[in-house]
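Chemist: Protein chains in written order, with UniProt numbering: chain A, 1 to 216; chain B, 1 to 216; chain C, 1 to 216.
Just so you know, these hints were derived from the structure itself, not from any lab.
No residue lacks a Cβ here, since even glycine has one placed at the ideal position from N, Cα and C.
Any given hint could turn out to be false.
The following label-pair restraints were derived from C-beta to C-beta distances [claimed, not checked]:
#: 1; chain 1: B; residue 1: Trp13; chain 2: C; residue 2: Leu14; range: 48 to 54 Å
#: 2; chain 1: B; residue 1: Trp205; chain 2: C; residue 2: Pro211; range: 57 to 63 Å
#: 3; chain 1: A; residue 1: Asp122; chain 2: B; residue 2: Ala78; range: 38 to 44 Å
#: 4; chain 1: A; residue 1: Gly95; chain 2: C; residue 2: Leu14; range: 57 to 63 Å
#: 5; chain 1: B; residue 1: Trp13; chain 2: C; residue 2: Leu178; range: 35 to 41 Å
#: 6; chain 1: A; residue 1: Arg96; chain 2: C; residue 2: Trp74; range: 42 to 48 Å
#: 7; chain 1: A; residue 1: Gly95; chain 2: B; residue 2: Trp13; range: 38 to 44 Å
#: 8; chain 1: C; residue 1: Gly92; chain 2: B; residue 2: Trp208; range: 22 to 28 Å
#: 9; chain 1: C; residue 1: Leu191; chain 2: B; residue 2: Leu178; range: 42 to 48 Å
Spelled out, the chains give:
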Amino acid sequence: MHALPPLDQPVQWLILALDGIGIFVFAISGAALALRERLDLFGVLLMAFVTALFGGILRDILLGATPPETLTSWHNAAIALSGGVFTIAAGGWIGRLDKPVRLFDAIGLGLFTAAGAAKALDFGVHPLMAPAVGMVVGIGGGILRDMLVTRTPLVLQAEIYAVAALAGGFAVVGCDVLGLPAQPSMLAGALLCLTLRLLALYRGWTLWHPPRPPGL
Amino acid sequence: MHALPPLDQPVQWLILALDGIGIFVFAISGAALALRERLDLFGVLLMAFVTALFGGILRDILLGATPPETLTSWHNAAIALSGGVFTIAAGGWIGRLDKPVRLFDAIGLGLFTAAGAAKALDFGVHPLMAPAVGMVVGIGGGILRDMLVTRTPLVLQAEIYAVAALAGGFAVVGCDVLGLPAQPSMLAGALLCLTLRLLALYRGWTLWHPPRPPGL
Amino acid sequence: MHALPPLDQPVQWLILALDGIGIFVFAISGAALALRERLDLFGVLLMAFVTALFGGILRDILLGATPPETLTSWHNAAIALSGGVFTIAAGGWIGRLDKPVRLFDAIGLGLFTAAGAAKALDFGVHPLMAPAVGMVVGIGGGILRDMLVTRTPLVLQAEIYAVAALAGGFAVVGCDVLGLPAQPSMLAGALLCLTLRLLALYRGWTLWHPPRPPGL
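Next comes chain A alone, as it looks inside the complex:
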């Protein structure tokens, strides 16, 4: 999260608000898994933090933008920990809130990915690789979340998730190549990712599982 924008820039405020909601929702998914695994209070909050913020930390490490944004201000951590506390207090609700949680998770995925791809371009990553950096921001936290409880990461098995992120990242790069300014490029990428993710969810799209070759 950056320094707060001037009050007369509603688009920036909107992005900031959605980014915060994305962090909050990602934190819920980490804390919910931690509760299911019966971790203690610290474990639950750490899982919330890691799931919400590890992708961005990894992005900044890859780009050499150290110390990472998450460590140079307290806002991101505060939002993630709030998400963890909320999950402990209101976990019973969350099952019933399934649909909004999935919606905000998709919004977070889109925003994290688009902002990650744009930042990667700024730091000299090759345009064909910038979408991969964006994707890492979107899925890195969920991968570490699953590895911490020794579960094969969901994103390697489940519905179209990382692929939606990749597509959003390529949209950001495409807009950049066409000379569009950063903000509309990021919005276009985030919207494409969000649309694909929601379509995948509600139509039950999945990726092809290649067959296991005999003898392998």
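Position chains B and C against the provided structure of chain A, taking the given hints into account.
Modeler: Relative to the frame of chain A, chains B and C by itself:
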């Protein structure tokens, strides 16, 4: 580990000695788990190295202090590998040495954490986030140790360990805010962490395990 | 992978070609494990990418050479993804191609390690620690491959693999200390690693498994 201090600075020598002992003891905990998992000689030494030094390497990556201290001198590696060899040679003893090992582990945790938090402040990390960096130095090695043998990290499940580190980190930051010089601040933080950790051990304190909400 | 060398430098072209083959073969080993675990198309390609390129990414993060080489051009990613697609299309062959795959894997290990150790020396890593950085390039991808599917990394359990890498790294450093130029030093290190690895394979050499001490 830094360049050796002048001979007339006993406090620095003390910190250096305790730091070395901390590395040695952390290495023992990695090697002991590797022996239990029947890894080969290389696996045992790698687990000793990683458990003792990964936290500091991660700290330096997060702060952009690359290459990490552990790679620019050979001292840390030598101490960690000695800890691994000692565990192979004298593993039978170590069960009986349970209490001193836990004591030195707590000392190592305190020192690693306090020095990590102080270095994070130096590198521009936000004061509210510096304790988290300190904690990463203290617990990062143990987390990777457990993940390498696909075990949910102990620190997510067990007694008050990471929380003692966090508290020590906040003490370092508090002293820094009050204008104290770095060395007494670090000692205060390390002592607070050590005290909490030992109290938790000998009184059997544990953290609250939040209940699993129904339906989650 | 670097900018392409001038056409009149056959040794550089040879190294480049072998490096590409190493990436391709490492990618096959990641994709093959992913197929066995029944991951989807994205999971298979991600495992190919990670196994082939994570070691080099980790090297560049450790050395502060960010963004990593793999992200500033598209060549490495293209080779790794080709290896993944090849595994899906021709997996039945790969079982029968066991011997050439092991040979190229050993060549890749040697080249990755030697180039990694040389780059570490360039970036100020201590000569005694540079072989460890080289080894990380050689084995890092395989370790993450196994951790992603929650398997204790093979390299911690199996035949002489990491140790061959370490030996190759020390050869690079030794040649450097003796004042040899970078290219013959790297070739010597790669050849030593390759030789040790092939000997270990064909003679069935394994490392000593230290006994589990009673009471540990």
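Chemist: Output the numbers, in ascending order, of every earlier hint that fails for this structure.
Modeler: Violated hints (numbers, rising): 2, 7, 8 and 9; every other hint is consistent with the structure.
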